[in-house]
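Following the hints, position chain S against chain B.
Line by line, the protein sequences are chains B and S. Heads up: the first sequence runs through residues 43 to 121, numbered per our numbering. Heads up: the second sequence runs through residues 43 to 121, numbered per our numbering.
It is worth saying that the hints were derived from the structure and are not from the lab. Errors might be hidden in some of the hints.
[Said to hold, decoys possible] Think about it this way: if two alpha-carbon atoms lie no more than 27 angstroms apart in a straight line, the pair counts; the simulated DSSO-like pairs of lysine-lysine are:
# : chain 1 : residue 1 : chain 2 : residue 2
1 : S       : K82       : B       : K106
2 : S       : K106      : B       : K82
3 : B       : K52       : S       : K44
4 : S       : K44       : B       : K106
There are 2 protein chains.
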Amino acid sequence: MKARVHVMLKDGVLDPQGQAVAHALGALGFEGVDDVRQGKVIDLDLAETDIAAAEAKVREMCEKLLANTVIERYDIEIG
Amino acid sequence: MKARVHVMLKDGVLDPQGQAVAHALGALGFEGVDDVRQGKVIDLDLAETDIAAAEAKVREMCEKLLANTVIERYDIEIG
Chain B
43 MKARVHVMLK DGVLDPQGQA VAHALGALGF EGVDDVRQGK VIDLDLAETD
93 IAAAEAKVRE MCEKLLANTV IERYDIEIG
Chain S
43 MKARVHVMLK DGVLDPQGQA VAHALGALGF EGVDDVRQGK VIDLDLAETD
93 IAAAEAKVRE MCEKLLANTV IERYDIEIG
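Just chain B, same shape as in the assembly (with noise of 0.2 angstroms):
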């Protein structure tokens, strides 16, 4: 089974990522881009097949590795 994180800063987190890009853009000539944020993407490839068993394993992931928590917030997408 597929599993997708989205992995963001939080918003009123400092996201200089996010930033970089869009003075980038900027730089290159685009205009009208209001706001960048950057994140992380993790597709996972589990052996589970039961999707509330995937989707709760998956936030145990998030919880203890793929995410720092106090900082950013995640979401997950099954299937």
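Positioned in the frame of chain B, the structure of chain S alone reads:
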């Protein structure tokens, strides 16, 4: 208008970040993780209001800056 871009290493390109995550999950006792791929997600807030125009602009951003198309593929979600 919001746009979300995923940038992932192409299949077949070695993904050391993904391998590191897979290894760390194993070390934490998570079993049944067959594969992990890690990529970037970039959320853009655009002044553009036309969907087709926004997608064309984001595609150009990907080709010029956001993705290294030699080794990375990207996909774009608008709205």
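Enumerate the violated hints, using their earlier numbering and listing them in ascending order.
4
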